[in-house]
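The primary structure of each chain is shown beneath.
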Amino acid sequence: MATNIIPASPYALTAGQAEALAQRQVKKHHVAIVLLHWFNAFVWLMELATGSAIVVSPSFAFMPHWYLVMMESIFGSRANLLRVHMAVGLTWIAVFIVYAVFGWRDYLHTEVLKKEIGLDADDFRWLRIRLLRLVGLTSEALPPQGAYNAGQKLYAVMVYAMVPLIMVTGLIMTFHLFSTSMVQWSMVLHFLAAGMVVSGLMIHVYMGAVFPEERPAFYSMITGMVNELYAFRHHYKWWREVKMQQADWEQTISAEEDRSHDTLETGNESKPEAGAANGAR
Amino acid sequence: MARYAMVIDQERCVGCQSCTVACKSEWDVPIGFARTRVRPAGLLGTYPNFTSAFFVAQCNQCERPSCIPACPTGATWQDANGAVRVNRDLCIGCGSCVAACPYGARYVNPDRGVVDKCDFCAPRLEHGLEPACVATCPAKAKVFGDIEDPGSEVFRLVYRAGAKRMETADIAIGPNVYYTGKREHLEMAAASFAPTPPRTVAAALVWTRLAKKLVYLAVGATFLGQAGAFFRQLSVGEKQFDE
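Chain order of the listed sequences is A and B.
Per our numbering, the first sequence starts with residue 8, numbered consecutively.
Per our numbering, the second sequence starts with residue 408, numbered consecutively.
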């Protein structure tokens, strides 16, 4: 392992180094994940718009009356709203089943989850400093982060807990499963879980689309790539890992090349050795 | 617009269940459930001069229904003619309305997974027919018509002959099914089949008292925090990461 090549914590960059890093791109997201992300964005937009307009009874409704009327007019009827809500939701579940099957090893395996969305000591420090910086109470440097920063990790933990809940309760209501009390409680859980995700989703969208420092993260959800300077500054631990993997790989390749080179040159000498070994036995 | 009501003459009812059968076949009501049913209320008179008393129970198409506010999706609604109806495309089968009905007039249809109830045979009315139970009753114990029409039989029975609603002092939500018959018969029926207080299911209470507030709080707090951060961003000025 080429562990000694890159320092474990971020170091000061010279202007030249920074310039060189800024010129290089490194792959952050697989194209399937980019597509899944925007599919997911579309689903959430549709499901929130229609779902919030289905609940109309005055004591249950949580959106203003004009919104309920507007959505009913746009979709023609409340029954249509419900149909669209269920159709998009079922499609969403189908797509995520495909994702779970094909992406299990790369994205959903316990080891991967622990590393990608489990929070470590750096992450908790990051959260504290990030919040203080946001309100202007400190200018302390943020601790190095992995592929996802602590904010993204926290959001991911919640989403990973809430999404299966939303899917299961949605299925119970769509197909009137089990008993009436299961349907009743599914409504409450579906609403609560979606509400919690929305409160995080607002930060997710703000950070991705509005917050200037994270702009490259937004573009990475289109191109799949980030420039290395951003990776160095915002996801140092991940950047270091990628670089070390590259270094390892390069070392292995050159070692392979050396060995094949050796074998060619010393090809004749290896035969007697083998023979000697046989003779010894 | 007509305002429909029904008057049931308890004295005429012989408990033959023709109305129950007509209704079940008209609306494919599964075994074990009914939109309307004839229930035995006891015996009237003393031996050897007594008769069986019956009570016909169905949806009362109340004027202030407790089932409508209980329905979260608005699947239960009231027609302009007073009939309380269920939109099957909107019903998710949560059964909140079943608990809210003081008359036990609703059930969750196990074949469809959604709620079903008497709606005065609304589709038949649209075709100019009487409700199936009224058309089929051999004793003519069920009278159906427009209670706002002074020339109608129901108007006469309710306002002249004194047909009574099945309601109590506490639970009076304006039922539009009236009953006539001997006083002791009606009293006997009231003893067994008086309306029970509407129930609100626990999940609905959690929704209205807790879940809604929690979601408002979570989303509101995030929004405010974010708005603060955004205005700070505007006042400090934008700094791209690589500058």
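The reader is advised that the hints may include incorrect statements.
Simulated DEER-style distance windows between Cβ atoms [to be verified]:
hint : chain 1 : residue 1 : chain 2 : residue 2 : range
1    : B       : Glu560    : A       : Asn87     : 46 to 56 Å
2    : A       : Arg90     : B       : Gly449    : 41 to 51 Å
3    : A       : Asp255    : B       : Tyr623    : 48 to 58 Å
4    : B       : Tyr566    : A       : Ser80     : 39 to 49 Å
5    : A       : Lys121    : B       : Trp484    : 45 to 55 Å
6    : B       : Ala546    : A       : Thr98     : 33 to 43 Å
7    : B       : Phe638    : A       : Met228    : 49 to 59 Å
8    : B       : Phe638    : A       : Ala148    : 53 to 63 Å
9    : A       : Gln24     : B       : Tyr623    : 41 to 51 Å
Short, incomplete list of chain A residues facing chain B, as computed with Cβ under 10 Å [claimed, not checked]:
hint : residue
10   : Leu161
11   : Thr187
12   : Ala201
13   : Gln252
14   : Trp256
FYI, nobody ran anything at the bench for these hints, they're computed from the structure.
Heads up, the beta-carbon is just placed ideally off N, CA and C, and yes, glycines get one too.
Those earlier numbered hints the structure runs against, lowest number first
Hints 1, 6, 7, 8, 10, 13 and 14 contradicted; others consistent.
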